[in-house]
Each structure stands twice: as C-alpha cells, then as structure tokens.
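Chains A and B, in that order, are what the protein sequence lines are.
Oh and the first sequence: position 139 is 139 in the working numbering, straight run, nothing missing.
Oh and the second sequence: position 248 is 1248 in the working numbering, straight run, nothing missing.
No lab work stands behind these hints, which were simulated from the structure alone.
There could be a bad hint or two in this list.
[What the hints assert, rightly or not] No farther apart than 25 Å at their CA atoms in a straight line, the calculated lysine-lysine pairs in the BS3-like style are these:
(1) A/K148 x B/K1204
(2) B/K1214 x B/K1160
(3) B/K1046 x A/K185
(4) B/K1221 x B/K1204
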Amino acid sequence: MDSKRLTLFAGHYGSGKTNIAVNYALHLAEKGKKVCIADLDIVNPYFRTKDSERELKEAGIELVSPKYANSNVDLPALPAESYRLVQDKSVYGIMDIGGDDRGAYALGRFADFIKAEDDYRFVFVVNCFRPLTSTVDDAIEIMREIEKAAGLEFTCIVNNSNIGKETTTELFLTTLDFVQDLSEKTGLPIWMHTAERSVAEGLSGLTVLPMTLQKKYFDLPD
Amino acid sequence: MAERILMKGNEAIAEAAIRAGCRHYFGYPITPQTEIAAYMAKKMPKIGGVFLQAESEIASINMVYGAAAAGMRVMTSSSSPGVSLKAEGLSYIAGSDVPALVVNVQRGGPGLGGIQPSQSDYFQATKGGGHGDYRMIVLAPASVQEMASLTIKGFDLADKYCVTSMILADGTIGQMMEPITFEDTEPKVYDKPWALTGTEGKRKHNVVNSLYLKPDELEKKNFERYEKYAEIEKNEAMWEEYMMDDAEYCVVAFGIASRVAKNAVVAAREEGIKVGLIRPITLWPFPTAAFEAAQDKVKAFISVELNMGQMIEDIRLATGCKKPVSLCNRTGGMIPGPDEVLEAIRNAKKGAL
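From just these sequences and the hints, can you work out the full model?
Structure follows, in structure tokens:
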C-alpha cells in the first residue's frame, strides 16, 4: 500500500482506530520511514495510543499524546506539539482521532493546514459487527456526522470488521459485500482491510494490514 | 443461532435494556459509563423512546421514580460519585415499592476519586446507600455478555418483586469489547395493578408514596417488605463455581476481579495447588448456600477485591467465620495481576498447612 504524508484515522468509537493507527505506524517504521503518531482522542480516556508507548518507542516512533493521557485525569485538552504533525513535513504523521463526531471536533483546528498541504488520507474505519454501524446507511450517517465536525471529507475506507478474539478468516470474508456496498454508495475507495495477524494470513487477493493486538490479563483462560 | 456482534460493556447494557422493553432512560453523564447515555441518545428517538439528560443525578433518579410509578420499565446509569447523589431517590423508590433498574459502573473513590475501575461501592450497593431499612438486588456482571443478560434479568426481577435492581459493574467491563449474542426473545410483561396509569373514572385511584406518619403502619410496611426480601434471598441467589469439586482453597471474586482470579486459579493448579473459585453473580442476595457447601471442604478462603476489603465481611458472615479468609486487593483504580492473586493463594496454603 502506498503512503501519504498524513494519515488520519477516524470512525465510530470502538471501530478499531487506535489499533490500526499503532500497527500502521509500526508498518511505516519498518519500511524505514520517520514516523510521528499523535493521539488526538479527547473523548475516551481508556484504551489509547499511549498504551502502546513501549512498542512505539522501540520502533523509533515519536508519540505525541495529551499530557494527562492514562493519568486518571479526564481532561480533554491537546498538547501544542500536535501541530508538529501538520507543520513538520519531514515526518510521516499519523493521527488517531477520537470516536464519532464528538471526537472529530479535535481535528477541526488542523483541517485548514491539512487541506492546504493536500498530501493526506482521511480514513473512515468501519467494523460492521459494531451495533451502530451494522448497516451501510447507519455507517454513512456516522461518517457524515464526523465529516461535519472535522471540517474534512473522508478520502477512503478501511474495513476492520471483527468480533474480537472469535474472528475467523471465513467470518472476515463475509464482510466484503458490506464494505463494497459502503464504497459504492459513498464513492470512496477501500484503501485496505485490517485484521489480526492469524486472520490476515488466510486473506489472499486483498490489501491487508496484519495487526498485532494487545493482550489484557483479564482475558479469560482458554 | 443469533448473530454475534462486538460491543462495549456499556453499550451492551443499553441495547439489552431496549430489548427488555425499556423506553425511558434518564441520566447525567459521568466517566466511565457515558456510552450508555450516548447509545440511548442515539437509539431512543428512533424507536419512540425517551432519552433525557437531566440537569443532575438527583433529577434523573426522581424522573426514574416517576416513570416507575407510572408502570414503565425505566432506568438510569451513573458511576460512583453520581450514584451517591442518587441515594435519596433510591431510598424513596424502595420505600414506595416500585421497580427500577440502576447501573453503577464503578470508579475509584471515595470523593471524586479517579476514573479507573473499582469495586469499592460494594457496601453502598449491598448494605444501603440511601437511608432506611431496604435492599436492592445487586447483580455483578463479569463479561460483556453478562452486562446484557443481567440487565434483562435485572428488569425482570425488579418487576417481579417491585424492587430496584442494580447492575454493579466497573470501568473495565464498561469499556472493554467482546463479541456477544442477543437471543430473539420478547420482553416479559408483568401486571402492575398499582401503577399510576389514569383511572378513567373506572377504578379507585392508586397512590405511590413512601410517607407513613403512623409508626405502627410504617413498621407493618417494613415487616411486609422484609418478607419480600426473604423470598428474594430464598429464590434469586446466583453464583458460578469454577474448579471447586476437589478444591482445598477457595478464591472468591466477582466482576472483573473474578477474571483475573480465574487465570490465577489455573496457574495455581499447574503448581499442584487444589484451588477453586466461587464467583457471586448476585451480591445481594449473597450466595450463602455456595459458602455453606464450601466451608467444610476447603481450608481457607481468599477474597479478591478492587477495594479495601468489603465483600470479605459477607464471606465471613456466610461461613460463620469457620475458616480463615484472607484478602488480596488493590484499590484506587488498580487491578491486581494474576501473579498477585497466585501469591495470595500460595500464602493461604502456607498459612493453612
């Protein structure tokens, strides 16, 4: 897959934006790119980019995250360094944006810079197994709300349909019609599909980003 | 089989409530349960329901009181400090014997505390919270699937006994995502002859009230209410046992702590320690029968809690202090790792040998 200088991930909350942003950053770094990832989530104080701080650091990826992320302070403020991504054109910038329209407001302040440079992908991440984006019409409704809040129109779709640990390659293949339909109705191309590594292995003929997901110690014993 | 969908715990509560026939939600936002309100705000207008963000927690619980008195399936949700604000309303609802569902997705306390997961409202949920002699049915989900199933169960129990059912969850289960299934079942409908539905001039008017100025009448009312509570204690206790058949040690944990504890039980078994787990699903009524069965079998209990040791008191009461009960706990938003629970199991073994 080709890369634009800026890649902005947005979508319904719980669609998988953060996992994709982190894995895509690691993917770019592997290819030798200088990468900076910004956590712009002002909505959800849990499960954020900063959880992957160690892996990102080891891969030489710079992380910009709100000062109070993961600190038990629920303060929706963004650091000034966030501008680094839009202004420093020597880095590949990745923005992980908070869920729904409420999260996308954070992008609004950067929208003019992003449009002026015009070297970006604004990615709509979708999981058709999420209850509020389980129909194409519902997904489009959320898509439009986000665009309105962000002041930016989506340029492509990423299919991240999954049901967590129970996802199989067969199940993933059943989602292709959904995302194809979404693509046709919106006129947006499917940039890629994303799936956990073992699921991704079985997918041939598709552009897939295989992902490594974090294991939590409150996962139940197998 | 019905389709698997991927949900956050908070969303599962909201969707389950809708499927249980709840069309009235009143609340006030607070982390880490805001997704419940957000989901209701999105869905209720589309299905002819009411979503109302009240001006405060106190207002929202009194709206619940009103809708419950009118015979509606109604709910509110909040997190620890917000539930404290609702305490007065909870007492009035209990004193009026109307059914309601209240969700507490707990965070660290006391006071404003923090926003990370906690189980430190165990006392508040099971021993009162509001004033007066009363009880609530307290359900403690340990998975996203149970967030859904216990919400539906909670509405049914509330209607059956005219009490409040409380879902006592925590920030982790509220936020985590798991695949779940909703069975295609119609909501149960209970007869509510006491409800304020308008007499149409055809019957004597109903009164929903918690005011009894004559002490003998109030006493009688409380006695009657406790007969109802005794029925609930007899019929509705729920728990899960895990590897208890040959267990010499018993870990006790509910909600998110039970998931960590299960991993520790598996690890301890690998070391040859015969340990099992009792997971109370109802915290009130406390599953006393499970402990009566276990107390002669095991050498010690280990209570794993995300608080300073609250359920441990109920374990001691349920077992009549026959066996030692030790505490393995973290608090303030911290969750013990399986290693910490494993160490507590090893220590219990050392102490009991």
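How the hints compare with the structure:
Note on A/K148 and B/K1204: the hinted pairing is violated, with a Cα-Cα distance of about 55 Å set against a maximum of 25 Å. Restraint check: the Cα-Cα separation between B/K1214 and B/K1160 comes to about 28 Å, which exceeds 25 Å; the hinted pair is violated. Restraint check for B/K1046 and A/K185: satisfied, since their Cα atoms lie roughly 23 Å apart, inside the 25 Å limit. Restraint check for B/K1221 and B/K1204: satisfied, since their Cα atoms lie roughly 21 Å apart, inside the 25 Å limit.
The structure is inconsistent with the numbered hints 1, 2, although it conforms to all the rest.
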